[in-house]
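Student: Mind docking chains B and C on chain A? Use the hints.
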Amino acid sequence: MNVLSIFAAVPGFTSNQTSLNPVGPMAQRIEHTFTLIFFTTAAVYLLTMAVTAISVWKNRLHKDEFPPPEQTPTEQYKRTSIAVAGAMVISILLLFVMMVASFATSHAIGKENGRAPFEVDVYGHQWWWEVQYPQPEAYKTVVTANEIHIPTNSLVRIHGTSRDVIHSFWAPNIHGKRDLMPGYENDFVIQADEPGRWRGQCAEFCGPQHAHMSFLVVAESMDQFHNWMDAQAGTPPPPSTPQTQHGQVVFLSRACIMCHTIRGTVAGSRVGPDLTHVGSRDTIAAGTLRNNPQELAKWISNPQQIKPGVRMPPNPMPQQDLNDLVAYLESLR
Amino acid sequence: MEQAINRPALDVSNLPTVGFGTKSITWWGIMGMMAIEGMVFALMVAAYFYLSTRSTEWPPHSNPPDLLWGTVNTLVFVISLLPNEWYRKRAHKGDVGAVRIGLVVLTLFGLANIIIRYFELKHMNTDWSIDAYGSAVWTLMGLHVVHLLTDWVDSVVLTVLFFRPDLVEGKRFADASENAGYWYFVVLSWIPIYLVIYWAPRWLHA
Amino acid sequence: MSPELKTITGRPLTAEELAQHERLDRVWREPSGFIGWFKAVHHTTIGKRYMVTAFIFFLLAGILAAVMRLQLAMPDNHVLGPDKYDQFFTMHGTTMMFLFAVPMMFEALSVYFVPLMVGARNIAFPRLNAYSYYLYVMGGIMLYVAFFCNTGADRGWFSYVPLSGPDYGPGKRPDFWAQMITFTEVSALAVAVEVIVTVFKLRAPGMSLNRIPIMVWGEVVTAFMVLFAMPAVALSSTMLLLDRTASTQFFNPSVGGDVLLYQHLFWWFGHPEVYIIFLPGAAIVSTILAPFTRRHVFGYTVLVLSTVSIGFIAFGLWVHHMFATGIPQIAESFFTAASMMISIPSAAQVFCWIATLFTGKIVLRTPMWWVLGFLFVFVMGGMTGVFVASVPVDLQLHDTYFVVAHFHYVLIGGAVFPLFAALHYWFPKITGRMLSEKLGQLQFWLFFIGFNVTFFPMHLVGIRGMPRRVYTYPPDIGWTRLNQVESFGALLLFVSVCIFLWDVATALRRGPAAGWNPWQAGTLEWATSSPPPSYNFLHLPTVGGREPIWDDPPTQPVVTGLHDDAREYLTTRVLDAEPEGREEFPGPTIWPFLAALATTFMFIASIFRPIGFTIGAIPVAITMIGWFWPERQPAARRREREIWSRP
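Chains as they are written, first to last, in the working numbering: chain A, 80 to 412; chain B, 546 to 751; chain C, 112 to 758.
So that you can see chain A by itself, here it is in the shape it has in the complex (with noise of 0.2 Å):
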């Protein structure tokens, strides 16, 4: 129950990328600790300005001169010392408890930190989420970009570092942010209770396409879950029409293989994002584009029109070859 509901007149409040719509303990720890806070210093703020404002009412010369100087006669001075010792006590105190707060929701949201049955390592990237779910067996490795999948109600380990720049992960409706930093290993857990889509942001600025760094959180059921990763982990069969066998044609003789790699296929290369089931993503470019036919075609032949900057170059080609390796990429679900 969100305490702060009266924000929810606000327009696009209760969305998918805030921090006032938890989905999961940690989130909604926080929130309590936010909302707790937020109470005590507007009411502290409140009652500060009140008296400012009355004061001014109160003392204001009518007359525009400056009267001779004075002394504040001893007892008013003595009791207004009082006054503001007082304040300065209940301001303490105050104080303690929201500190007192904060401890305690550290401690609650750490202690999960060992306990996690799932991995997901995270891999920041200019101006992309490189994400891989690591197994016992190496064949069952999950690659994939942009788009991570957690099961409901289960602690999932996020394991993150940096392979060029700071970036920070964040989703505000799952939990605080942690950076990704070259030469450090950084590991939190994040739990989701609410199934959905839950977007996230960089937040350290990274360069140019900061702006343009964003991934999704697909909260889902157990079974569902699974399912995504044995899709996953599984390569995709080999193309069936000739559209798309045309379209992998054109994916294998062009600049792509430099950057992309598409198991099953002799393009290996790690510099950009995993494509072998990019199909199935709801968003293309780290949360920019929508996947469907027509943004993907708008980026692949000029990604530095939407995300100016990147390191994917530009790939005129003829209106066909665009139109069938738009359709092969769409068929790796």
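It cannot be assumed that every hint is accurate.
[As the list claims (entries may be wrong)] To spell it out: a stretch of chain B is covered by chain C in this simulated footprint if at least three of its residues, at any positions, have a beta carbon under 8 Å from a beta carbon of chain C; those stretches are:
id: 1; region: 594–603
id: 2; region: 666–675
id: 3; region: 679–693
Honestly, the hints are just simulated from the structure, not real lab data.
We put the beta carbon where it would ideally sit given N, CA and C, even for glycine.
Tutor: Frame of chain A, contents of chains B and C only:
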């Protein structure tokens, strides 16, 4: 303020015009400089130790700097403090002759330090571009080199000034006293840096 | 306007006083002419230059922000592409923090007012003061020339590695940023030493520690903070430059370097930096409250002790900028506690200020309006600070627009509002003319409303998931409306500042004469003409109270016996300000300017070729030797008059 001509006067015309230590404005300025430079050294030493926690071996893949030249220089630095203190005290008495001798002697000591420092740099056993250890130890050393060189040039100028009788006045003796004080700082700040550069890697290794 | 030749009550000077004025003016007046401009060493001259220069940078940074708000007013907008936007937001932050806030709040105000408020004729180390100004302005010009050549800094005002390092920050943009830091930090450090020495040793006799004006307390504590904070950013920016130009490996994790080393060094500076900006603002508020409530400010001792404790505690907070990096829990707890603890002395100050209002007779003129605006805005910023002090909550709010809102509330609230109060309060003293009360109040309300309209919604849009430093956002994410409101508010701010500039321009030409003390205030700067004469005070004062003009009896002595044919000044003891000695200030000289030119050459050359540092050091050495080389005549004169202090 009001009617100044009718106010009582606080006559300061007999106050001294030449002071040493806390009575000298320049002394305070030099103290400020020492605070700043001391802070830079302290932060660089902290950075050195911080980086040492990020490597499994320290120094990684190399030997620490050779002990010989650094230790020799440290001895020369410490010995120089004797004439340094002597001429500092004589400056308080306005003894031109003593200050001249002291400044010349300290200039020679400083020159010796600079020459030995050259040999220290040749025996660092690493390069600043190889790894973070190399960068840290060279930068820490480099900071002190800049320190040493600028103070030496300063002292040479002061020495020359003391041989110009038309430019010698009370202020100059305060300058000389502060110059000696600053040399203390150059030497005393070297001691912990020497320990960090030459001994810390040997102790950490043990 | 030239100083008026009258006393504080308007009585014209006697013949004897006029003769003294002539003698002092001959010794102290600033050299005229074009070359003379570069020789100036008086603190009021240099202080005015700092103020004008810093304000120009404020305007430039404001224009950058206005264009940013235009870009963000619509989703997927094309006013600025990502490369330009990244330069704009970096230049905005860098300019505001390094070229406006510290130079204005600390350097400009302390250089101009501290010597006057302690009753001295100049600031300690006047040539260093001139040098520090030239270095500041040259560093700022360097950065902006680079910006206009499309080589503006573009990695954020803090320029984290590895993004700004040799691998991911090609070109010279981060190099110009890093070297600008060196310019401004040497400048600030120099002024810090001058302020400390002025406050310790040049106070008027009788100005014991408990009679030092709060403005001076604020600036001297700030000066100490500068001394211990700035070296850290000097080191971090130098390490960045070395990694980029000399192949050092400080931040390269594959050979033992560490990206967090940069953050620790930067924020060791960065957190005290914001208090360096805020403490003078708080001091201004304490100062202005007195004449506008017609009494001593409430709780002098509490205010001073709070200032000092904030100065110390500020050094214990820096890791709260790094909560998202995965620091150990015990460190998290310590820095949360410290970050919350610092609000205790701040709260004490706020309650003392409110107590002053509660017990005072309030004169509602423009400076007071800005003080009230400060209370409403800064305290709000302090409240949101509690949110980000808590680690778990910060992990949601860090690097979002919530933080942008927080720090604009505390920085604009805590520095810009007091600054406008100070500008309205002291404009008459500096120029001899009054600003318009009507325009002042109009400007205040436009700014206050415009500020809240611009920055309050940022709390909401940050909670709603909008990160910082994004050049655009998608149309369907729900941030559009809030961004449009924010951009509209920026328009109000723009109009407000234009009105201020208009007010200043007209007042300079035909504002009413201010007189010595238009606000009937109590501190020493009001005990001389507006603007002050070249020698500050015809008779150096002694003091017997905290607000000398109000508290001192008519029999309060004045200092006599200083030679008026040289720039002789009085030194006093640190604790009780008893007279101790006499020294001479240097007169106008071109050497500080030449030394600054040489230093500029050395700094700029070294970012292109490291050997530039060594070669550039030669002209620096030459100009510094020229600077310190004594002159024969003055030396002879001093030798003749020497009195040595007893050991």
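Student: Which constraints among the numbered hints does this structure fail? Numbers only, ascending.
Tutor: Checked against the structure, no hint fails, so every one of them is satisfied.
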